[in-house]
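Undergrad: Quick note, the sequences are listed as chains F and Z, same order.
Numbered as in the numbering used here, the first sequence ends at 291 without a single skipped number.
Numbered as in the numbering used here, the second sequence ends at 166 without a single skipped number.
Hints are computed from structural coordinates only; laboratory data are not their basis.
Hints may contain errors.
Distance ranges between label pairs, derived from CB positions [to be verified]: (1) Z:G157 / F:Q174: 51 to 57 Å; (2) Z:G91 / F:D222: 52 to 58 Å; (3) Z:G91 / F:A43: 41 to 47 Å; (4) F:S208 / Z:G20: 30 to 36 Å.
Fair warning: this is a prediction, and the values are worked out from it, not measured in the lab.
The C-beta atom is built at its ideal place from N, Cα and C for all residues, glycine as well.
The chain contents come next:
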Amino acid sequence: MYAFEFKRPATLAEAVTALGAEEAQALGGGQTLIPTLKQRLAAPAVLVSLNGIAEIKGICTDDAGRLCIGGGTTHAAVAKGAGAYPALAALAGGIGDPAVRNRGTIGGSLANNDPSACYPSAVLASGATIVTNTRQIAADDYFQGMFTTALEPGEIITEVRFPVPMKANYQKFVQPASRFALVGVFVAQFKDGVRVAVTGASTGGVFRWTEAERALSANFSAAAVKGLKASADDLIADIHGGADYRAHLIGVLTGRAVAAC
Amino acid sequence: MPKVTMRVNGRQVSGEVEGRTLLVQFLREGLEMTGTHVGCDTSQCGACVVHVNGAAMKSCTTFALDLEGAEVKTIEGMAAADGSLGVIQQAFQDHHGLQCGFCTPGMVMSAAALLAENPKPTEAEVRHYLEGNICRCTGYHNIVKAVMAASGQDVSAIAAE
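Given the sequences, and given the hints that come with them, work out the whole structure.
TA: Written as structure tokens, this is what we have:
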């Protein structure tokens, strides 16, 4: 790891100022960033830890009934405290392993936007809103490709607001060595329709499977997606599975998620 | 160099560290507490697990300076005051829950975190909770057996191998 200056602001305002420095990088739980630093794949001059900022931690429900989760909230805290949205709590409880869940944060995961991370699928399928220190970003506008988001340099995720669906479920086919999703599918049924988000599968990162959304909005049953085949175009093909295999898994996991709702 | 202060096993400690100093380096090289091991250095093996404010964390994937004022517990804090083994450590010895012993500090700390939140886990719950702790010797059976025994449950029916 290259050397850097470490800062640990206690307020959001101080963190925003610190991130204004040349070559500054925000640090969430660090469960991805620290291994990346060790491999010298990143070399910030200043590392600004968000872990000391109490105002971006915690879970509450807003007047619109949305579940609001602070950007600095750990996966373990979401697993325990997001009882109002059980599918989201279950997803958080399945990320990594217990030690990772005690340190990694939702804001960190979303800012990184790993194509195989779990949280992006929940955020996109829920139509959640990502709140930063400067603005609110709709999930449909936020994810812009593998490790790419709508965040500007120095912008900090302060909160994520999840509309709570009538029914929802997340199915993850685990890549056993890393415990990331080889493919993960999050299905959420709202009054005005169904949203299906797929992670782990695409070279473009998390995406909505609109054919399945249409079929499930007309008939919310596993049978409705039984004959549906996801396109293998632009899907990830690697040592763990080919594009056709991932396309197949998308269909299987979507059916399972609906059946489990 | 910046200075960090925290409590380790109930003792107030402080030291000068670099921004990039990991908690495990502060423990091993700064405080000369070498019980916490670095197995993989890539956040996968769990040998470096310690408790930070009561929660299991990978000390190789946490910066020392990020833990200013934290309460840290390491394997050195698991023995009784007279130096005799703690309940979980004794169970690992009784049930041969280790061979080379390299993963054991992390295993014991993870097991302690599990039993703190779930005092009577099932065998499946133990296996699931320990998924972030890798052992290349035992095949896990005796580790699971030791954790079950440490929880005060009858392990006579659990296969030894």
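Undergrad: Now look at each hint and say whether the structure bears it out.
TA: Quick rundown of the hints versus the structure:
1. Z:G157 / F:Q174: 51 to 57 Å: holds (52 Å)
2. Z:G91 / F:D222: 52 to 58 Å: For G91 of chain Z and D222 of chain F the Cβ distance comes to about 56 Å; the hint holds.
3. Z:G91 / F:A43: 41 to 47 Å: holds (44 Å)
4. F:S208 / Z:G20: 30 to 36 Å: holds (34 Å)
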